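Chemist: Residue numbers (the working numbering), protein chains in the order written: chain A, 12 to 273; chain B, 135 to 414.
None of these hints come from the bench; they were simulated from the model.
Incorrect hints may appear among the rest.
Pairs of lysine-lysine, BS3-like flavour, derived with a Cα cap of 27 Å [as the list claims (entries may be wrong)]: (1) K16/A x K210/B; (2) K285/B x K214/B; (3) K287/B x K108/A; (4) K269/A x K210/B; (5) K16/A x K247/B; (6) K287/B x K214/B; (7) K20/A x K153/B; (8) K16/A x K285/B; (9) K16/A x K153/B; (10) K165/A x K52/A; (11) K210/B x K24/A; (12) K269/A x K153/B; (13) K150/B x K16/A.
Keep in mind that this is a model prediction, so the values were computed, not measured.
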Amino acid sequence: MTLYKHEMKQNSKGFLIWTLCVGLTCLGCILLYSSLENSVKDMADSFSNMGSVSTALGMDKMSLATLRGYYATEIAMMHNLLGAMFAAILGTGLLSKEEAGHTSEFLYTLPIRREWVVFQKYLAFLSNILLFNLICAGMYLLGFLYMGEEINGKEMALFHFATSLMQIEIGTVCFLVSAFVKRNLTGAGLGISIMLFAADMMCRILPAIENLKYVTPFYYSNAADIFTEGRLNGAMLAIGAGITIVSFLIALFRYRSKDLTP
Amino acid sequence: MENKEPAIEIKNLTKKYGKHRGVINLSLKVERGDIFGFLGPNGAGKSTTIRSLLGLIAFWEGRASILGMDVKSRQKDILKEVGYMPSEAMFYPSMKAGDIIRFAADIRGLDCKKEASMLCERLGVDLHKRIDELSLGNRKKISIVCAMQHKPKLFIFDEPTSGLDPLMQAEFFKLILEYNKQGAACFLSSHVLSEIKTYCRHAAIIREGQLICTDTVENLTKTNAKRIHMIKDGKEENFVYKGDLDKLFAGFFGHHIEDITIEEPQLDEIFMHYYEEGQK
Ligand SMILES: Nc1ncnc2c1ncn2[C@@H]1O[C@H](COP(=O)(O)OP(=O)(O)OP(=O)(O)O)[C@@H](O)[C@H]1O
Ligand SMILES: [Mg+2]
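Starting from the given sequences, assemble the full structure and let the hints guide the process.
Modeler: If you want it as structure tokens, here you go:
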């Protein structure tokens, strides 16, 4: 597991920056709620009656009049998007950074199987995503405690489980893309996550593209859905898990016989 | 005896990058205990050959084996016995030199502290400097330590001396000769003819992806070509002459030769002739 440790160390700076930035931003927004509360409460009704905009943001299901509703519609959405972007950056860079940084000739001429390299790197990616979500969730819980809000542990756990899976799915798809190219495609990875995020909002409004919900993992990690239904969408999660596993296997297979030239 | 198989054996290796030529139908053999030079102009296919041997790039035609092991099926076992130094000495920029060297040993699952500290001492590696603070030559030294610390049976070096100062080049070859005495073979690509002549026993010359010749360095540099410098009919002439000297002298008949020197050609002149042949 030398490479796993190495990979964690290499990622540690980026990890800390992202985790603190996302965690503190969202925590800040939670703490801001008390100052918004009065004005928001008055507007909560009108927010839930804005037609498709309310639908896209889940405000037809949850009311902004409670911190719980505010969390499910605003904070969770922010966490979803930023988390997905973090996962995309990690996923695209995981393998391709060795080639982009010209270290592939050093790493891959050490006696270590390529499959094992891919596996350990992927494990480091999973650890990063899980730690990121754990730390952020912990910060949000502290925010709730500070605000004196009652915490529904089950729905919080379900949401953070779903969002972690969503991030892993996006990161793995980016990982797959990166196995086919030489350059570091951070930009493309970010593009993928933002497009999938937008796809989720659109497919909720436009019946014509409703089927996009099977494609975008943001659909099953939507906190407003999870909070109102009190459970996860099993079918969607299964599709997501399937996409993740298949992407990983294709990436692994492709990487085994990839030409590594500096 | 386990040392029977050649250190490197390549049979009809062909590697194409899409439509582009990499190497074509290359066959080569490096015996155990040899120091073998691999020469060729830029883009000839030296690095391509080396990367194919190490499994960094895949090839579909031909076979190759290292220390008797097939390079495709036993890559990991081969890499355990090989010390490789790439032409670009690049490492993780935020790591310290010492950490890189330890990382390489850890991945090998070996404790190479003793050998590594001896090498660092002799090459003057500063273990506490970060990689992004080091010059090319100093990164090359780290590369040398990583290639040598586990005392491999075979060294593969891709242009090892580029970027090293003359003192370090000498120390580097001294190290190779020491390991070679203990039985290690060495395969190195180079543009520097004099170092091939000084240190290698065998050499191969490659041009445009094809092997031109492989022989002992002695035979390769032995030639009947002569450098002729003379003043003929008041005109100065300076050229390399290859072939029958009688014919050359017969051509002088009826001319006035004021002065003539005939000497062995320079080493590069011999090799230029290998490089350029067929290009005309
Ligand atoms: N990744 C690649 N894609 C396409 N063509 C390549 C690639 N790598 C090398 N080539 C081509 O293969 C040929 C051999 O290149 P190689 O790097 O093996 O040369 P070399 O002998 O090591 O040269 P140099 O002395 O400059 O290092 C060159 O003509 C080069 O253009
Ligand atoms: Mg080269």
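Chemist: Decide, hint by hint, whether the structure agrees.
Modeler: Hints versus structure:
1. K16/A x K210/B: Distance of about 21 Å is within 27 Å: holds.
2. K285/B x K214/B: Holds: K285/B and K214/B sit about 10 Å apart, inside 27 Å.
3. K287/B x K108/A: Between K287/B and K108/A the Cα gap is close to 31 Å, so the pair fails against 27 Å, i.e. violated.
4. K269/A x K210/B: 16 Å, holds
5. K16/A x K247/B: 20 Å, holds
6. K287/B x K214/B: Holds: K287/B and K214/B sit about 9 Å apart, inside 27 Å.
7. K20/A x K153/B: With Cα atoms ~40 Å apart, K20/A and K153/B exceed 27 Å; violated.
8. K16/A x K285/B: Holds, at about 25 Å.
9. K16/A x K153/B: 40 Å, violated
10. K165/A x K52/A: Distance ~26 Å between K165/A and K52/A Cα, so the pair holds.
11. K210/B x K24/A: Given that 27 Å is the threshold and the Cα spacing comes to 32 Å, the pair is violated.
12. K269/A x K153/B: Judged against 27 Å, a Cα distance of about 17 Å means the pair holds.
13. K150/B x K16/A: 37 Å, violated
Checked against the numbered hints given earlier, this structure breaks hints 3, 7, 9, 11 and 13; the rest are met.
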